[in-house]
Each structure stands twice: as C-alpha cells, then as structure tokens.
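Asks: Below, each chain spelled out in residue letters.
2 protein chains.
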Amino acid sequence: MVHAVEDEARTTRDRLIETARELFHRQGYNSTGVAQILKEAGVRSGSLYYFFPSKEDLLVAVLEWYQENLWPVVMGPVFEKVTDPIERVFGVLAIYREALRTTGFTFGCPIGNLALEMSDCRPETRRMIVENFEGWRLAIRKCLDDAADRFPPDIDRERLSAFVLTVMEGGVMQSRSYRSIEPFDAAVAQLRDYFERLAPGTRKSEPVS
Amino acid sequence: MVHAVEDEARTTRDRLIETARELFHRQGYNSTGVAQILKEAGVRSGSLYYFFPSKEDLLVAVLEWYQENLWPVVMGPVFEKVTDPIERVFGVLAIYREALRTTGFTFGCPIGNLALEMSDCRPETRRMIVENFEGWRLAIRKCLDDAADRFPPDIDRERLSAFVLTVMEGGVMQSRSYRSIEPFDAAVAQLRDYFERLAPGTRKSEPVS
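For the protein sequence lines, the chains are A and B, in the order given. Counting from 1, one number per residue, gives the positions in the first sequence under the working numbering. Counting from 210, one number per residue, gives the positions in the second sequence under the working numbering.
Bound conformation, chain A alone (with noise of 0.2 Å):
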C-alpha cells in the first residue's frame, strides 16, 4: 500500500518533469505558464506545488533529468556505434544535427536556450546549466584524450573540448534562425578542418560505408 502511494507519488512528479521540460524546451522557460504546465500533465495545482514550490523548482528538475539523461540518451548511442575518439566527437554533433532536422529547427539544444534565457535566475538553477555544459563537454573530453596521440603536443584538450561545445552550441543557433541545415553544417565542416589541421588523416579512420 505504502508502495502503490510512492509509486503514484512517483509517476506525478515524472510527469510533471517530462511535460515542463518538453514545454520549456519548445516554447521558452518564460512562455511556459504554469496553467499550460498542469494541463497538459493532467496534474491539479496541488499536486504541482507539492512537489516543486516555484516554477522554478520544476526548472532545476528538468535539469537534473537532462544531466542524468546525457549518457543514456546522448553520449551512450554514439559511443556505443562508434569506436574511434574522433569520430565520436562528430557524431555527438551528427546527433544535433538529427533533432535540429525533425524538429523543422525549431527545438535546438535545451541547455543552450535555458543558457541564453535565464539571466536572472537562481545560482542553484544556473549552476545546473553550468553541470549540464560540464558533463557534455567532460564526455568531449574523454574522446579527445583518448586521441591523445594524434593532435600536436602543445594542443591544450580541455580548451579544446570546450571549443567544441562553442561550434556546437553557435551552429544551433545559426540554425535555428536561418531555418536551414546550412549553418550548422557549415559550422561542423570548419570544425572538422581544424581538426585535420590539428589530427591529419582524421577522415581516413572514418569507416567506408
């Protein structure tokens, strides 16, 4: 009985979770209200302030879920199909890519709009956008090192793995507002010449498909 109640408790607050995020991702945190929020969860306000005080509340949620999501969902399937480090790199992008494509342009990535969006937020909910760029660029990271090797010996990796974030986080963004694939593609490409210049015969280990 105890259990049936937390599983209940449970399936509320993920559903709270999964609406405001796919709401915040498509409409903006601001344009989010709370009304839309309960609606479409199915939720009574109750229930929403139970659980998460503020809107704000449920925002830091959110992205505790992307934070915990970016292995299973963004890292893991592209380290998983893909062997070599570089590579990886590339399709972690290709998977920007994909969404920005079904999407119409339109989604772009959440973290990057939350980012540009709440400048004046709580320090725990913008620590949590720092957390969420750390992880990705950490996973970034990992490929980089694990290509040591291959680039120049003065190439500074953690700064490296950053830069990627940047061309990932800028492509989106040209994207989204020139509604083409254009713009990131481009982004990508410069990318991927810098990286020839830094790792000659990267293309080469790419796998003849």
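Short derived list, chain A residues pointing at chain B, Cβ under 8 Å:
1. Asn30
2. Gly108
3. Gly112
4. Leu165
5. Ser177
6. Pro183
Capping the alpha-carbon separation at 20 Å, the derived lysine to any residue pairs in SDA-like fashion look like this:
7. A:Lys55 - B:Gly242
8. A:Lys55 - B:Asn239
9. A:Lys39 - A:Ser54
10. A:Lys55 - B:Gln236
11. A:Lys81 - A:Asn69
12. B:Lys264 - B:Arg222
13. B:Lys264 - A:Gln27
14. B:Lys351 - B:Leu369
15. B:Lys290 - B:Ile304
16. A:Lys55 - A:Glu22
17. B:Lys290 - B:Ala303
18. B:Lys248 - B:Arg219
19. B:Lys264 - A:Asn30
20. B:Lys264 - A:Gly33
21. B:Lys248 - B:Gln236
22. B:Lys264 - B:Arg331
23. A:Lys55 - B:Ser240
24. B:Lys264 - A:Ser31
Computed footprint of chain B on chain A, listed as stretches where at least three residues anywhere in the stretch have a Cβ under 8 Å from a Cβ of chain B:
25. 16-28
26. 114-125
27. 128-141
28. 166-176
FYI, nobody ran anything at the bench for these hints, they're computed from the structure. Virtual Cβ for every residue (Gly too), placed ideally from N, Cα, C.
Fit chain B to the supplied structure of chain A, relying on the hints for placement.
Replies: Below, chain B without anything else, positioned relative to chain A:
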C-alpha cells in the same frame, strides 16, 4: 508647426525603441511586459499602439535599430582603430568581451538571445534576426577577404566568416552561464590557434604596445 509635431512623434517612437531595446536585452523579450515598457519610456499606451500595433512590431523596430547601428557602434570603432584585417576580426570579438565584463556577464549578444528566444515568431521577425547575423558576418568576411593572400587557397572564407560568428555566440553563451570571462577567452584563444595554423605569423602583425 508640422515639423514640431513630427519631431515629437520621432522622439516618442525613438524613446519606445530605446527602452524596449534595453529591456529586451536585459531581461529577454518574453519576460518584458508592455506595461513596463510604457512606464520606463514615460509613454501612454495610445502612443505605443499608434507606432507599434503589437509588442512584436516594436521588436522588429528594435532589430532594425541594431541593423542600422552595426557599423557606427560595433564595426566602425574597431575598423578605425585597427588596420590589420585579421586583427580587426579579433578586435570585434574584444568588443563582446568588454560588454560581457562590464555587464557582469548578464547581457550577452542581443541578437543571439533573440535567436534562441523567438522560436515561434513571425517570418518578418526571424528575417530581421537573420539580417543582423548576415550584416555581422559580412563585416568579418570583408576582413578575411582583405587578408585573402595570407590564407591557404582552399579555405572557404564565406564559411570561415560564419565560423567566427559561431565561436562568438557559443563563447558568449558559456561565459554568461559560468559568470566568468574564461570560457569566452578560451573560445577566442582556440579560434586564434586555428587562424595561426591557417595564416601563420598572424600574431606578428599585432602592434607592439
């Protein structure tokens, strides 16, 4: 008499644009209510709706302001002070560094903010965001063209100019979240490394100060 009325109309319209521009930049478009714009501009709602039937019409005027002021405010001062075309590119990036620092990492690039916030906007608004990006990119493209003989012949300068915009926006985004200039500086340093590999000796052209 007609001139005096025209002047007053221009003043009211300009004041609305200036107030909205500042508020949209500081707190975002969706977080800014019409009532706040009216109050801070000291304008009555009838005057607002006379010039701008909707908040989005006011946003379009703000975007036109940015477009008209790209040269006088951003590019002009750099192009006047710096003569080396590649250093002009980094001089433009330094303006964003300065803006991040002086605003405590809160404001960022106004066009980049709007690019991610306005996912569901009118085509005219999106077109104005794209035109602002294009104006910026073309100024960078001009610098790269002026230094054409220093780049490898196979470098696509059109794509490279978009890459500079990509790096600026991605770097600004991270510095805003981290509340630190470090991510922006790291992104620019990595771009500098790329430029050094494309056009060796770039740094030698910097003035000794």
